[in-house]
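Student: Just so you know, we're using UniProt numbering here: the first sequence kicks off at 1 and counts up by one.
Among the hints, erroneous ones may be present.
Here are the in silico distance ranges between beta carbons for each label pair [stated by the list, open to error]:
#1 Ser-778 x Asp-386: 53 to 59 Å
#2 Lys-785 x Asn-624: 19 to 25 Å
#3 Ser-778 x Glu-802: 16 to 22 Å
#4 Asp-238 x Asp-741: 44 to 50 Å
#5 Lys-264 x Pro-606: 42 to 48 Å
Derived lysine-lysine pairs resembling DSS-like cross-links, with alpha carbons at most 25 Å apart [what the hints assert, rightly or not]:
#6 Lys-292 x Lys-479
#7 Lys-524 x Lys-818
#8 Lys-843 x Lys-524
#9 Lys-774 x Lys-762
#10 Lys-292 x Lys-221
#11 Lys-774 x Lys-806
#12 Lys-777 x Lys-806
#13 Lys-479 x Lys-380
#14 Lys-762 x Lys-800
#15 Lys-752 x Lys-631
Since the hints were made in silico from the structure, they are not lab data.
Given the structure is predicted, the values throughout are model-derived calculations rather than measurements.
From the three backbone atoms N, C-alpha and C, an ideal C-beta is built for every residue, glycine too.
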Amino acid sequence: MRDDARKKDFGREEERTRNDEIAGLTDERDTVDKLRVLSRQEYLKKRETQKLELLRDEIEMQQRLLHLQDLTLEEQRELAHKQELYRLATQRAKLIGDRELEDEGDESGLAPYRLPEAYVDERTNKSDKEKRFAVLTARYKDQIASKNNAKTEQQTWEEHQILSAGRLGAEIRDIGDKHYDLVMNESVDFLAQEILAGSDQDIHLERTEFDPRQQIQEQRKSLPVFRYRKELIQAIRDHQVLIVVGETGSGKTTQIPQYLVEEKFGRVCCTQPRRVAAMSVAARVADEMNVKLGDEVGYSIRFEDATSAKTIIKYMTDGMLLREFLSEPDLAQYSVIIIDEAHERSLSTDILMGLVKDIARFRGDDVRVILSSATMNAEKFSAFFDDAPLFRIPGRRFPVDILYAKSPEADYLDACCVTVLQIHATQPQGDILVFLTGQDEIELAMENLAQRTRGLGSQLGELIISPIYATLPSDQQAKIFEPTPPGARKVVLATNIAETSVTIPGIVYVIDPGFCKQKGFNPKTGVESLVVVPVSRAGAIQRAGRAGRMQAGKCFRLYTKWSYLHEMEENTVPEILRTNLTQTVLLLKSLGIDDLIHFDFIDPPPTETLIRSLEQLYALGALNDRGELTKLGRRMAELPLDPMMAKCIVQSEKYDCSEQISTICAMLSVNNSVFYRPKDKAVMADAARAAFSRGGGGDHIALLNCYNAWRDSNFSTQWCYENFVQFRVMRRARDILEQLDHLLDRVEVERKSNPDIIAIRKAMASGFFYQACKLQKSGYYRTLKNPHTVHIHPSSSLYKSERLPKWLIYHELVFTTKEFMRQVFDIEPSWLMEIAPHYYTSKELIDTSHRKMPKQLGRLEGAKVK
DNA sequence: CTCTCCCTT
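Hey, can you work out the whole structure from these sequences and the hints?
Tutor: Following this line, the structure appears as structure tokens:
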């Protein structure tokens, strides 16, 4: 308190001196100018770190955008340029420390470096879409401008590509090359077996060198889809549902909506499985049509709606369209519905397909449906939509040689590293992409590679090792986009993120060990799992394709051709078959779909999953005993949360703590790592994390404390850094909280604050009573319903508690090496009687405190006996 | 005494 007051006084003092200074000036205009300068100085000082953050985000954004368009050298160079700017700017910030920005400029006689214009309004901290997209689209404009030069690097590059693409299935080298013996004594033998054919007949484009607008139109005409325009439009006229099969680079996502608008089909919506894709494709199309983004062409994603009454082409995430069904069940505003990337089979896409099929029947000739997919699953989609015709458009890709291991490898991680070095020693220039299963494995591989390359520096070129996975802080993610220096070779160790979400420039070689981590769900126990499984053939093809984005490439599969053909599944099991569907079931119920067992799913989920969801919704009071949606259920469906959390929010009113519960729900929603734990600073990170749970109350209260502390720091990045908290994740939690706060009005919950941790935990328990468990004599826990043994996850704040709580509620049950409860808090059994008398009998909730319960020591002994 | 594959409302 006192500290705060002093700070405020200090601020006022400063202001006073400044005002005195200003008062000394006679000319009013000078005053204004001076004010402007002062405020600018103030502004610069205050916002420098945040601006750096923005630049970094922008880099990240652009990197994510890259995968949507064909990569050009311009794009890469611009990105590299930005990264260099960012590097210099951060370096400079470090160097000058507290010195005034203006001073340095004077000393050197040069204007100090200024960051690009911020596109975030510093008052509201909201992004200004127009500015933001001016920054984003500048890239395309630059590209067009530079093409007007006599012979650009772009042209040279493309000419080179045309030549190299001519040799389809370029020579396959014997990997057991003679250079290789110099480097190491072990190797992995490969057999060259097949070629993932390229299709690049359209790469040569004719150029007219005048108007940039014309250039854009020329570019559009060069896309493979263009030559099929007439037939495509005719097919759409003739058939209500059409499956468009086109590989990446065919231009289907950007062009088809434009053709439809040019042919006056009416309003078009096009769904994407990812947010960045929806945004960047919309930006691209707005540019091609020469309109302002958000007018005729717009996008709609969570937290951002860039559409208006004028919008005729709307790109959106699939989940967003699903939400639109709630307010407009027949989607009457759209004349054409395009579901893009349907082959990815995301949960939302699958549900959409069922709903859209129904709409198509209901609305008749009034609506057109287009499913856009890669080759896989296309026939299946056609069968689902009553044998809808397929329309095939060739893509644009370079050939990739595929090599299989001669015999299975026992230790694939080791085999990966050996193969990396084999490629490095024997293959021509080009970066390597290795697919691994998770962060742990990536870190192991980094160590392994570092060890193997130690002392080899003089014999081989430098090997730059970069990791990439989703929870890696964004500044470290940026490393994979840095151009490889001449003579060196980059190795990117990636998770599945590199399969679809991020495209890394310069990759020529792919190493595929054939595994990935995959989420699963056991409907009988409600346990989620995250286990390593073999990839499907479709996944393997997708991975191999990553080698052929820039030039002809090679893919090394660390499994035999026999296992590829006989042991691997054809397709990845769609998400709908391996997730908890409670939230989806609630959504469908609120859309008036009563008979879920017979809903038209393209792949019907296990009946147990649906029944479990229905039971849970009944227990929560969202459905009545006839399975009909209740008023409570309708309110819960409005909230973009898991029904258990939605229930907590609705119930929080009773405990006067809706603010606290909303905060906890927002923090729980950003499920992945709020807390950052680098290996070398693990002790410090753990200590910082422990500080949030000092007052007790379990992990949920710790999350609340964490958010509030960050809010009290005025959402500072520095604070995040000091407390090993990920800024990116916290910012997302803030967005979610803001959205929940708006929705409180709609679900008629009053905003109230109550810091009492008992009230907060009771409110949380009113949604999660379903997931309670009780300490056993063994020192382990046993769930009350569907009894089975579970363990507190070691990352939990209650893991090390001296006296283990007798009763716990968990947020999530995940099987990895054991059945772990992630995010737990302790409760009194009497609360369960108070909250869910319909669900528990008093017998189940007998307090056994009179009996002797084990402490931490006893638990360990128990483990030893077993 | 363990890590959290990837997405989305």
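Student: State for each hint whether it applies.
Tutor: So, going through the hints one by one against the coordinates:
1. A beta carbon spacing of about 56 Å between Ser-778 and Asp-386 agrees with the range 53 to 59 Å that was offered as a hint.
2. Take Lys-785 and Asn-624: their Cβ atoms lie about 21 Å apart, and the range 19 to 25 Å holds.
3. A hinted range of 16 to 22 Å holds for the C-beta pair Ser-778 and Glu-802, which are about 18 Å apart.
4. Checked against the hint of 44 to 50 Å, the C-beta distance between Asp-238 and Asp-741 comes to roughly 49 Å, which is consistent with it.
5. Distance hint check: the CB atoms of Lys-264 and Pro-606 are about 45 Å apart, consistent with the given range 42 to 48 Å.
6. For the suggested pair Lys-292 and Lys-479, the alpha carbons sit about 33 Å apart, so the restraint of at most 25 Å is broken.
7. Taking the CA atoms of Lys-524 and Lys-818, the gap is near 17 Å; set against the 25 Å cutoff, the hint holds.
8. Taking the CA atoms of Lys-843 and Lys-524, the gap is near 23 Å; set against the 25 Å cutoff, the hint holds.
9. Distance hint between Lys-774 and Lys-762 is fulfilled; the C-alpha atoms sit about 17 Å from each other, no more than 25 Å.
10. Distance restraint check for Lys-292 and Lys-221: the Cα-Cα separation of roughly 22 Å lies within the 25 Å cut-off, and the hinted pair is therefore satisfied.
11. Pair hint Lys-774 plus Lys-806 holds up; C-alpha atoms about 6 Å apart against a cutoff of 25 Å.
12. About 10 Å separates the Cα atoms of Lys-777 and Lys-806, which keeps this hinted pair within 25 Å; it holds.
13. The straight-line distance between the Cα atoms of Lys-479 and Lys-380 is roughly 40 Å, outside the 25 Å bound, and the hint therefore fails.
14. Under the criterion of a C-alpha separation no larger than 25 Å, the hint pairing Lys-762 with Lys-800 is consistent with the structure, at around 23 Å.
15. For a cut-off of 25 Å, the pair hint linking Lys-752 to Lys-631 stands: about 22 Å separates their Cα positions.
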